[in-house]
Amino acid sequence: MAKHPVSLKVNGDEHDLLIEPRKTLLAVLRDTIGLTGTKEGCSTGDCGACTVIVDGKAVTSCMVLGVTASGKEITTIEGLASDGELHPIQQAFIDTGGYQCGFCTPGFIMASKALVDENPDRTEEEFRFALGGNICRCTGYTKILEAVLQAAEEIRTDS
Amino acid sequence: MSDYSVVGKKLPRVDAVEKVTGAAQYGADVHPAGMLYGKIVRSKHAHAKILSIDTSEAEKLPGVRAIVTQDDVPSGRRVFATDKVLYLGEPLAAVAATDADVAEEAAELIKIEYEVLPVVQDVMESIKSSAPRLHGDETKDGPNRRDISAKIKELSSDQEDDNSDEIRKLKAELEKYSDEVYYNISAETHNEAGDVEKGFAESDVIVEDTYVIPRVHQTYMEPHVSVASADSSGKITVWASTQGPFAIRSGIAGTLGIPLTQINVIGTTMGGGFGGRFGVIITHVPAVLLSQKSGRPVRVQMTREEEFLDGRPAPGCVIKIKTGATNDGHILARQALAFWDSGSVSGASIGSTIRVRGVYKIPNIKIDAYGVHTNKSGTAAYRAPGAPQAIFAGESQLDDIAEQIGMDPVKFRLMNMREEGDSVPAGGSEPKVGYKETLEAVADAAGWWDRESDDNQGWGVAVGDWTNGCGPGGVYVSVHEDGSARIFHGSMDITGTDTAITQIIAEILTVPYENVTIRRGDTDSAPYSTGSGGSVVTFTMGNTAKLAAEDARRRILELAAERLNTNEDNLELKDGAVHIVTADPPKSISLGELAAYSLSTTGGPIVGKGAFARQPSTPALAAQIAKVEVDPDTGRTRVLKLVASQDVGFAINPMAVEGQIEGGVVQGYAWAMMEEMQYGDNGNINPGFVDYRVPTSADLPTVESVIVEVPAPNGPYGAKGVGEPPITPTLATMANAVKDAVGIRVTELPIKPEKVVEALKNNGHGA
Chain A
1 MAKHPVSLKV NGDEHDLLIE PRKTLLAVLR DTIGLTGTKE GCSTGDCGAC
51 TVIVDGKAVT SCMVLGVTAS GKEITTIEGL ASDGELHPIQ QAFIDTGGYQ
101 CGFCTPGFIM ASKALVDENP DRTEEEFRFA LGGNICRCTG YTKILEAVLQ
151 AAEEIRTDS
Chain B
1 MSDYSVVGKK LPRVDAVEKV TGAAQYGADV HPAGMLYGKI VRSKHAHAKI
51 LSIDTSEAEK LPGVRAIVTQ DDVPSGRRVF ATDKVLYLGE PLAAVAATDA
101 DVAEEAAELI KIEYEVLPVV QDVMESIKSS APRLHGDETK DGPNRRDISA
151 KIKELSSDQE DDNSDEIRKL KAELEKYSDE VYYNISAETH NEAGDVEKGF
201 AESDVIVEDT YVIPRVHQTY MEPHVSVASA DSSGKITVWA STQGPFAIRS
251 GIAGTLGIPL TQINVIGTTM GGGFGGRFGV IITHVPAVLL SQKSGRPVRV
301 QMTREEEFLD GRPAPGCVIK IKTGATNDGH ILARQALAFW DSGSVSGASI
351 GSTIRVRGVY KIPNIKIDAY GVHTNKSGTA AYRAPGAPQA IFAGESQLDD
401 IAEQIGMDPV KFRLMNMREE GDSVPAGGSE PKVGYKETLE AVADAAGWWD
451 RESDDNQGWG VAVGDWTNGC GPGGVYVSVH EDGSARIFHG SMDITGTDTA
501 ITQIIAEILT VPYENVTIRR GDTDSAPYST GSGGSVVTFT MGNTAKLAAE
551 DARRRILELA AERLNTNEDN LELKDGAVHI VTADPPKSIS LGELAAYSLS
601 TTGGPIVGKG AFARQPSTPA LAAQIAKVEV DPDTGRTRVL KLVASQDVGF
651 AINPMAVEGQ IEGGVVQGYA WAMMEEMQYG DNGNINPGFV DYRVPTSADL
701 PTVESVIVEV PAPNGPYGAK GVGEPPITPT LATMANAVKD AVGIRVTELP
751 IKPEKVVEAL KNNGHGA
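From first to last, the protein sequence lines stand for chains A and B. So for the first sequence, the numbering used here puts the first residue at 1; every next one is plus one. So for the second sequence, the numbering used here puts the first residue at 1; every next one is plus one.
Keep in mind that the hints were calculated from the coordinates and are not lab data. Among these hints, one or two may not hold up.
Covered by chain B, according to a simulated footprint, are these stretches of chain A (three or more residues, beta-carbon under 8 Å) [said to hold, decoys possible]:
{"#": "1", "stretch": "44-52"}
{"#": "2", "stretch": "93-99"}
The following residues of chain A were derived to be distant from chain B, with all beta-carbon distances above 12 Å [stated by the list, open to error]:
{"#": "3", "residue": "Pro5"}
{"#": "4", "residue": "Asp55"}
{"#": "5", "residue": "Gly56"}
{"#": "6", "residue": "Thr157"}
{"#": "7", "residue": "Ser159"}
All C-beta atoms in this analysis are idealised placements derived from N, C-alpha and C, irrespective of residue type, glycine included.
Please take these sequences and the hints and turn them into a complete structure.
As C-alpha cells, this is what we get:
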C-alpha cells in the first residue's frame, strides 16, 4: 500500500514519517515511533486506553488516522513528566492508589489532564461524568476519582 | 499490630512510577527485531463440519511468512479445529505476516468450506434429548438413573443375592441421581449432608425458585497477547501476558511435545486477569507454532472482539434452589440442582454450587450440579469462580425466607451463621472467622439499623465467603553493601502483591521500604511459583517472603556476632543495623557494613532463601449493603449507597486492600445490573463495549470499604487472600435492594430496566 508523508510533533519532538493511510494514530505512535505507553484496549474508541492529547483535546488515538494528525501537536503519557518530576496527576494516582493493573492508567491520566487543564473547578460528580469515556476494570473508580480531585485541587492552588 | 513499621501501612506501590509514566512493559509492548504479526483464522459458524481449508490464496499475498493449521501440531493435541467447529470464533488456522494489516488480509483469504449443523445455546435446551449432540459419542448421555436401574435389574436376574456388593454399590450410586436423564453433560458433582427430605418436612416455611445467571466476561483491559521466538537451536522464548508463567511453560511443553527446559516464559506486566489469563492455547501456542515455522519472532494479539468470541469467560448457569426454615428463623434444609453452561469443553465451576450453603449452619443439604455443553467458547475462572452465581441464588432466597417469617435480614443471617468450633460440611470444625463481626461492621457503617427509605427506595444486604488458595513459591533476598535489599522471585504481580512481599521483607530486615527493590525472573531463572490467581499470592508469597527474610536475618546475626565479637543472644536487628543490646556506650554495625564484610568471609554474602507450598487457609467473609432507588417509569436502578466490609485477616497494605474491595464490588454490581454475553443462533452477538456494557465512573457512586481484621492463623501477619471475596455477595446485594425498593424479586440477571418495568406491570405497580 502506498505510503504518505506525515509530520507529527510528539512530546515536543518532530517526526517526519512515511505511513500507510490505513494506519491509526495509535499504530503510528506505538509501532512506528515506538511510544508504547499508549495502550490498545478495544480498537473501537470505546475504552479510552489509547487516549492522547491532540492540540489540547483528549482523543482516542485508535479512532484517528495517522495521516490526519499531520502537523498537529500530540502529547502522550511519556511526555507528561518533565525534568524527572512527575506531573501532579501522575503523583496523585500514586498517592491515592488510583491504578491497579495500570493498563488503563495512561489513558485515564491523559483524559484527566485534558479535563483539569480545561477546568479544574469541576465537582466530583462532573469529573465522574466527564471520565465516562474511559474504562477501568480493576479499581471500581473510587480511587481514580480521589486522584483526579486531588490533582485538580493542587493545580487550582498552584495557579 | 500497631508495633509494625512497614506492614499494615498505606505505602505507595513498588511499581508506581512505571505504571503512571507508561514505562511498564505489557505483552503488546514487546517488539523483538524482525518481529512478525500473527492473526488467528476463526470459524464463522457456531456449529459446523469443516469440509476443507484452503490456504493457497493467502500464501500468495506479499508479506505473508507462515500459515499454520492443525497439520503443524506434531503432538496431535487440539490447537485448531479440524473436523468440526463448536462455536463462532473457534480457531482454525493462524497466519504470520510482516504487518498487522497484511496478516488480517491474509486471514480473510483463507477459504473454509462448512456444512452448517444445528446449534444449541441454552443449557435447559441442551440437556433435552431433542438437542444436537455436541460431542457425538464422546459425551455420555447421562447421568442416568434409568441406565443404573436397568443394570440392577439385569444383575438381579442373574444373581440370587439381591444384596451382592455390586448391586449395593449400584444402589448407592443410584441415590445420587435425579430421575431425569440429561444430555450433553460435560461433568457432574453431587454432595449430600444430613437428610433434606426430613429437613423440609420439619420446616414451617419453604421457598423454591429458579435463578438464571448470565455468562459474563472478565473484561481485563489488556486483551490476550504473546510474543514467541524460536531460535535455530529449537530454544523457545515466550513473552506472555499471563497469571502463571510456569503453567504456560508446562502447557506449551505438553501441547507441543517440547522439553520443559527448551522453553523460557517471560511474564509481562499483566493488564488485569481476574482468573481469565491462564489459558495456554489461546495465543501462546499459535505464536510458538508461527515462530517455529517462520523462523522469526511472532506476536499474536487478540482484538477486543476476539476476546468476546474466543476468551474464556465465566460460566452462566441455571440454579433451582429450595430452602426450608422454621418460623423462629432456623434454616433446616437447602437443596440445589444446577446446570452450568460449560460451552464447548468441560470446565465450568460446577463444584462451586456447594456455596449455596453459605456460612450458615444448615444441617441438611443436597446439591446436584451438571456442566452442560453449548455452542459457545469454553469457560474459565472469574474472581471467586462459581461463587457469585451460587451465592446470588442462596442469598436472594434467604431474604425471601426472612420476609416470610418477618425477621430482619441481617438478624436472620447473624442467627444462622456458623461459629468457631461448629462442624463444617467438609469435615473438621470451623476456625475463628469474622463472619458476624464483618456483617455487623457493614450494618453499622451503612446505617442499617436506623435505615430510612423514600418511595421506590430500598436496602439490600448479602454476604459471600471465599477461602484463598495456596501453592508453591520461592523467594531469594540479598542484602547489599549499601544496606539495601533486593528480592528475586517468579510470581506475577497481581495488583499489589509485589508491594506486599516488599513490605514484609522490609519489616523483617528493618531496611527502609524505599531501599528494598523487587525483581521478577522468567521461568529460566526464577524459583518455581504458583499462578497468581485464587487469592493465593499474598498468602503464599507472603509466607515465602517471610521465610526468606528470616533466613537472611539469621545470616546477618551470625555475621554481626563474628564482627562484634559477641554472642548472637546479645544482638538485636533494628533500624537497618545490628545492635549489642547490653553495650554501654551503645555499639552497633549497619547492614551495609555487614554486607561488605560478608564478601570476605567463609560463609559468603547475605542471601536468604524462602520456599513454601501449603498451609491450611482460613475462610474470609465479604458483607455488603446497598441502598438503591428504582424509577418505576423507566425501570432504571440508581445506587445511592454501596458499603462493603471484608474480613481480610490483616491488611498488609490497607490502600491496596481497599482497592481490591472497591474493584470487586463494582464487578459484582456490573454482573447484577449490566453485563451479559448474549448468544443468537450463530454465536455471540455482543462482542464489543457498545453492546456489552461495563460500568464507567458515571454509573456508580463511591464504594465505601470497611476493613475487618480477624487474623488467619497461617497467613503472613494473619493476612488472608483479599482479591476474590468482594465480588461474591454483590449480585444478591443488588437484587435484594431492588426487591426492597419495589417488591420485585428478580431471579434472572442482569436487572435491566426493561425487566423491572415489565415485572412492575405484571405486579400491577406499573403505569
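Okay, the hints, checked on the actual structure:
1. Counting residues of the stretch 44-52 of chain A whose CB falls under 8 Å from any CB of chain B gives 4; the rule of at least 3 is met.
2. Coverage of the stretch 93-99 of chain A by chain B holds in this model, with 6 residues showing a Cβ closer than 8 Å to a Cβ of that chain against a need of three.
3. Taking the minimum C-beta to C-beta distance to chain B, about 19 Å, the non-interface status of Pro5 (chain A) holds against the 12 Å cut.
4. Annotated as non-interface, Asp55 (chain A) keeps its C-beta farther than 12 Å from every C-beta of chain B; the closest such distance is 20 Å.
5. With a minimum CB-CB distance of about 20 Å to chain B, Gly56 (chain A) clears the 12 Å threshold, and the non-interface call stands.
6. Every C-beta of chain B lies more than 12 Å from that of Thr157 (chain A), the closest at about 21 Å, which supports listing it as non-interface.
7. Non-interface status of Ser159 (chain A) relative to chain B is upheld: no Cβ of that chain comes within 12 Å, the nearest being about 22 Å off.
Taken one by one, the earlier hints all hold for this structure without exception.
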